[in-house]
Amino acid sequence: MAIQFKIIDHVAVITLDAQLSNNALSISDLMHLRKTLVACQDDEQVRVIVLTGAGERAFCCGASPRDPSRGLSGFVAGALKSRETEAEEGGYARLFDLSDLEIWKPVIAAINGACLAGGFELALQCDLRIAAESAAFGLPEVRDATIPAAGGVQYLLRAVPAAHAMKMALTGEPINAQEALRIGLVIDLLPQERLMAAALNLAERIAANGPLAVQSIKQLAVQTAHLTPRDFVIQAHLHWGLLRDSQDHAEGRVALAEQRTPKYIGA
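Numbering (this note's numbering), first residue to last: 1 to 267.
Just so you know, these hints were derived from the structure itself, not from any lab.
Heads up, the beta-carbon is just placed ideally off N, CA and C, and yes, glycines get one too.
Any given hint might turn out to be false.
[Claimed, not checked] Taking CB as the label site, the calculated pair distances span:
| hint | residue 1 | residue 2 | range |
| --- | --- | --- | --- |
| 1 | Q259 | Q192 | 35 to 41 Å |
| 2 | L101 | V233 | 25 to 31 Å |
| 3 | T228 | R253 | 30 to 36 Å |
| 4 | G172 | E258 | 53 to 59 Å |
| 5 | Q178 | A208 | 29 to 35 Å |
| 6 | E84 | A221 | 26 to 32 Å |
| 7 | L227 | A197 | 23 to 29 Å |
| 8 | E258 | Q192 | 40 to 46 Å |
| 9 | L80 | T224 | 28 to 34 Å |
[Unchecked claim] Cut-off 16 Å, straight-line C-alpha distance, at most; resulting in silico cross-link-like pairs (EDC-like, lysine to aspartate or glutamate):
| hint | residue 1 | residue 2 |
| --- | --- | --- |
| 10 | K6 | E44 |
| 11 | K263 | E204 |
| 12 | K35 | E133 |
| 13 | K35 | E84 |
| 14 | K263 | E251 |
| 15 | K6 | D43 |
| 16 | K218 | D100 |
| 17 | K6 | D42 |
| 18 | K218 | E102 |
| 19 | K263 | D248 |
| 20 | K167 | E179 |
Put together the whole structure using the sequences plus the hints.
Laid out in structure tokens, this is it:
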């Protein structure tokens, strides 16, 4: 299967494994990926998710060319249906948009090669991105007289300065890993053989913190970035109040007083 999944302690590792097509994903692959992410969100053992590609050539290069979109009765007819129903009728583009899944656990993209088109849109929706030194990034859709359909331009504008985002989107030209690091698209570059170890180390450091607090931080970051200071402080205070009465917060304070590592349970 193209979606491989395993749990290491509190870290879920999801691997996109369709190496013959540079890890491009079919409709069934995308639906499997979405179900796997939801399962991770609902599994209390999982605190952080790492998303990567199999092999060294590619993280993901978008939709599988072997699974072309079948003709729909009309775009509006499909767009007004659920994503799953539209996909069954051949419309796959919305499956790359993960926002409807409400995944509040942090997702780290470990980018091991070409990260293009829909694959880049997946990576842009991850909270943190680290890359192998051989990685490349791009939104080539404009070269085919179309656009990224899952918010790639908008996500890119949020990830890097506007001038860099617009250059990538308007030219369709890819950038290498060194340029991605320079503009802030990724937070670290590593040799291929050290990529997953670094991703797991980062995930474990996040997983060591209070699970509910980690998810609250992500939820606030996603849901309140557009608000005025007065409104986002209200939301921050609400989350703080909810966490104040949690068992984990009490454990954190006791552990600090006792000078030991806290044992969080996500409650």
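Right, here's what the structure says about each hint:
no.	hint	verdict
1	Q259 with Q192: 35 to 41 Å	40 Å, holds
2	L101 with V233: 25 to 31 Å	27 Å, holds
3	T228 with R253: 30 to 36 Å	32 Å, holds
4	G172 with E258: 53 to 59 Å	57 Å, holds
5	Q178 with A208: 29 to 35 Å	31 Å, holds
6	E84 with A221: 26 to 32 Å	28 Å, holds
7	L227 with A197: 23 to 29 Å	38 Å, violated
8	E258 with Q192: 40 to 46 Å	42 Å, holds
9	L80 with T224: 28 to 34 Å	29 Å, holds
10	K6 with E44	14 Å, holds
11	K263 with E204	14 Å, holds
12	K35 with E133	31 Å, violated
13	K35 with E84	11 Å, holds
14	K263 with E251	7 Å, holds
15	K6 with D43	12 Å, holds
16	K218 with D100	15 Å, holds
17	K6 with D42	15 Å, holds
18	K218 with E102	10 Å, holds
19	K263 with D248	8 Å, holds
20	K167 with E179	13 Å, holds
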